[in-house]
Amino acid sequence: MTRGEIEEALIGIVRNEKDVPAELLRPETPLAEAGIDSLDSLTILFAIEERFGISIPDDRARAMLTFGDMTTIVEDLLPRS
Amino acid sequence: MNRVAITGVGIVSPFGRGKAAALDALRNARSGVRTISSIDPAPLACRIAGEVPADAHEGTHRGHDRFTRFALLAADEAAEQAGALGVESDRIGVLIGTGLGGAETLDTAYRRLYGEQARIAPASIPMTMYNAAAAAVSSKFAARGLSYAVVSACASSAHAIGLAAQAIRAGQADAMFAGGADAPLTTGIIKAWEALRVLAIDNEHPAAACRPFSADRKGLVLAEGAAVFVLENYDRARARGAEILGEIAGFGATSDAGHITDPSADGAARAINLALRDAHLNPDDVGYINAHGTGTRANDPTETSAIKSVFGERAHDLAVSSTKSMHGHAMGASGAIEIASSLVALRDGFLPPTINLKTPDPACDLDYVANQPRETRARAFLSNSFGFGGMNAVVAVSLLSPD
Chain A
7 MTRGEIEEAL IGIVRNEKDV PAELLRPETP LAEAGIDSLD SLTILFAIEE
57 RFGISIPDDR ARAMLTFGDM TTIVEDLLPR S
Chain B
496 MNRVAITGVG IVSPFGRGKA AALDALRNAR SGVRTISSID PAPLACRIAG
546 EVPADAHEGT HRGHDRFTRF ALLAADEAAE QAGALGVESD RIGVLIGTGL
596 GGAETLDTAY RRLYGEQARI APASIPMTMY NAAAAAVSSK FAARGLSYAV
646 VSACASSAHA IGLAAQAIRA GQADAMFAGG ADAPLTTGII KAWEALRVLA
696 IDNEHPAAAC RPFSADRKGL VLAEGAAVFV LENYDRARAR GAEILGEIAG
746 FGATSDAGHI TDPSADGAAR AINLALRDAH LNPDDVGYIN AHGTGTRAND
796 PTETSAIKSV FGERAHDLAV SSTKSMHGHA MGASGAIEIA SSLVALRDGF
846 LPPTINLKTP DPACDLDYVA NQPRETRARA FLSNSFGFGG MNAVVAVSLL
896 SPD
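Chains A and B supply the protein sequences, listed in that same order.
Terminal number for the first sequence in my numbering: 87, no gaps in between.
Terminal number for the second sequence in my numbering: 898, no gaps in between.
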């Protein structure tokens, strides 16, 4: 998957959990600023793991502060084809 | 001691969303029991329930368990009716009774765990917990005072309303959101009730399944929903010019200290007596009793004899009905739904009927307002709730509030 494809899938996952305005769905936006609290984050992490068939370690999860971080985590953990 | 005014009522029930839907069904003796559509009926022998219609709640209050969504919808309606409370948020509390809490979330989680995926969603704990509904209502309405969940099986919301009234009486709070919510229509819970052999299984005739006090009754019909009241310090409510819909006049609660599922007439009678005494009501003042009236073999004659032991000969002049005949048994929400139903009906001048009462059981020989509503001028009523575990709660409500 390209980074763009991952981003697109993540937008779907995030929007399924929380109504985030489109203008806030940018790589540099802190999740907290987009109204995503710690419990929302857990739910989103869970959905990401389900969608991509990956397992996100706790330290990576704790360091996920922006939408960009989210994409990078998935990119790093997806098996290389 | 402060008096306790009711200034807001909200209800989500098998009749639909809102007081108007409930009032219309009660007035027209219409059942809300229907074929279950919210879950796959394949594993179920009992495929009927007092299910809240999908259009009454779908798409509301995302991210919460079904029982919490019902509680929030009911609280929304109650808060809107009550209007601006003018009370410091530290002085507003929330008591929501529930029998089974976030049952749908737990059912989904366990189905995944034991079934296909072996993973449980992160929000499962905060969505399942019994105080999730109380927490959500507290958060939504910035109620920062005394708040918790009350659990006593099918008496939960009657206890919650009684305890909330006591908090206002004692000056612990100036206003309370009080009521109950339950959403027990999951595969696991329905199967467990089937195993108890107390369900009225009449899949072909849902509306006729629940027949309290009738000789041909087969048992209870499970239901779901919520009702929430805004209760206020009476003097404060008057001072702000709120419309006072009624008054929580008294509360009586007892335990059978006996069998966990078999009810006792003595435990019920003692709770009724305590509620009357607490309300400073004479038996003659009570015009109506909303019975627990489950439609089981055990409850109906036991409750009848409890009422007779309290009211003596006068019991036969009392109107007693089971609105569960129409909305089913919403577990921990039932007391609140029944108090709300009684209040809206009596304020509209009629007694809600017991439907499906064709042949009275000889052991049930009171006036059950059979099949049709009846005009009334009753200004005070009792609502009985008796939970498994032998826990009994009776709430006395007055419509007129003489100064």
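Please note that the accuracy of each hint is not assured.
What the hints assert, rightly or not - Part of the chain B face toward chain A, derived, beta carbon under 10 Å:
(1) Arg525
(2) Gly554
(3) Thr555
(4) Gly558
(5) Pro617
(6) Ala618
(7) Met624
(8) Arg733
(9) Ala734
Hints are computed from structural coordinates only; laboratory data are not their basis.
Ideal Cβ positions, reconstructed from N, Cα and C, are used throughout, including at glycine.
Here is what the structure says about each hint:
no.	hint	verdict
1	Arg525	37 Å, violated
2	Gly554	12 Å, violated
3	Thr555	14 Å, violated
4	Gly558	8 Å, holds
5	Pro617	4 Å, holds
6	Ala618	5 Å, holds
7	Met624	13 Å, violated
8	Arg733	41 Å, violated
9	Ala734	39 Å, violated
In this structure, the earlier hints numbered 1, 2, 3, 7, 8, 9 are contradicted, and the remaining ones agree with it.
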